[in-house]
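J.: Sequence:
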Amino acid sequence: MDAAPSSPAARVPARTAPTPEVRTRLVWLLDRDGRRSEDPVLSPYVQDVGAEQLRELYRSMALARRFDEEATHLQRQGELVLWAPMRGQEAAQVGSARALRPADHVFPTYREHAVAIERGVEPAELLAVFRGHSAGGWKPSEHHMNVFSIVLGCQVPHAVGYAMGIDLDRRAAEAEGREAEPAAAVVYFGDGTSTQGEVHEGMVFAASYDAPVVFFVQNNQWAISVPFSTQSRVPLAERAAGYGFEGIRVDGNDVLAVLAASRYALEKARTGQGPVLVEAETYRLGAHTTADDPTKYRLREDESRWSELDPLLRLEAHLREAHGTGDEFFADVAADAQAFAEQARTLVLAMEPPVLEDFFDRPYAERHPLVEEERAWYAAYQAGFADTDDTGTGNDGTARSTPDSTDGAGADRGTQASGLTVAADPVTGVPDPRTAGTQEDLA
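0 is the number of the first residue of the sequence shown in numbering that gives the first Met the number 0; add one for each residue after it.
Calculated directly from the structure, the hints in this document are not laboratory data. Treat each hint with caution, since some may be false.
EDC-like cross-link-like pairs, simulated, lysine to aspartate or glutamate; straight-line CA separation at most 16 Å [what the hints assert, rightly or not]:
id : residue 1 : residue 2
1  : Lys267    : Glu175
2  : Lys267    : Glu180
3  : Lys138    : Glu121
4  : Lys138    : Glu124
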């Protein structure tokens, strides 16, 4: 009898890992126990960072973590529609954000909560997005930070285009004898997003035009349920060489190293030396979003191992041992973080839902006929839900107009108010915006 065929898995050759010699070195300045080391390239970029600055970094990370926890609780209690936890990634976000200047522009995903707070976004503006009360939350021009990008990878070409604009503005200023303020664009994305086509296209354009952009990858080891080992055979920082620019691989749980690497990369971008890719290796300690259950695909052993590398614990150990920071400081930070979280909760519970009619005023600066068609349809649709019984009397005993009455109420009220005529669908009776037009158009 013939031998049984081998399984498909058996026919696939084993994955081979690159030899250590070709791997980009992982840089850190604080080891897992909080001991400080030196790096010939990055250490000069944090020579000014002493005990006080390190305490500020710790405070920012602690506030961000407590805010993140409170937002998760709010979602579990039904006060937010969704939440994307960032626990474990505080050092990557705070360290990189502290390297930014006001003129730099940030393009985030939907998880950069600590970056948003560092850029001055108010907690209410941030949480309004996840409560479903706002499609944006804040004005990008006020914080030099775009609103959160929900579609994976779409922000990368946006950042590159913005960076190319920065370069064009610089050239125009030089031609006119003016001095332009040095600036760069920073785009955040994760290891999962790095496999999107938009990322490749963005990096091609950035390299082709020497765009002043920093690609900041938070490699948190998981693209929802797909491990990084499946996504890439090499560190993401090595991909930069294929496009012709520099890649840096840094310990993303070391806030000091992240700050140094970000300052280094931003300096190169601002001074016309082209793009840089920074890969911050960290770990998502929580779920991908509150709609996810990581126990279905992650091992507790891995989670426990990464928990020991917690960025807050590492910096706390360094502050205690190297700078004599005592319990009083950490207690004060915990109290401030709790107050920050309680304020966020109060703001969420006090939010009033938006009035949908107001959204028709937002697409254009001036009234637009197509938007007016939609406004008229919505007004007529809402009027069709009049609270009446068969006699045309409301539940409170008052007379109400039915949707098909001829006194200008009901389904015709919205169209008359806006000067539009909308024909009703012959089946549902609901006005169809595709037939809408001004009375003059239909004459």
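J.: Are the hints correct? Go through all of them and say.
T.: A quick look at each hint next to the structure:
1. Lys267 <-> Glu175: With Cα atoms ~24 Å apart, Lys267 and Glu175 exceed 16 Å; violated.
2. Lys267 <-> Glu180: holds, 15 Å
3. Lys138 <-> Glu121: This hinted pair holds, its Cα atoms lying about 11 Å apart.
4. Lys138 <-> Glu124: Given that 16 Å is the threshold and the Cα spacing comes to 10 Å, the pair holds.
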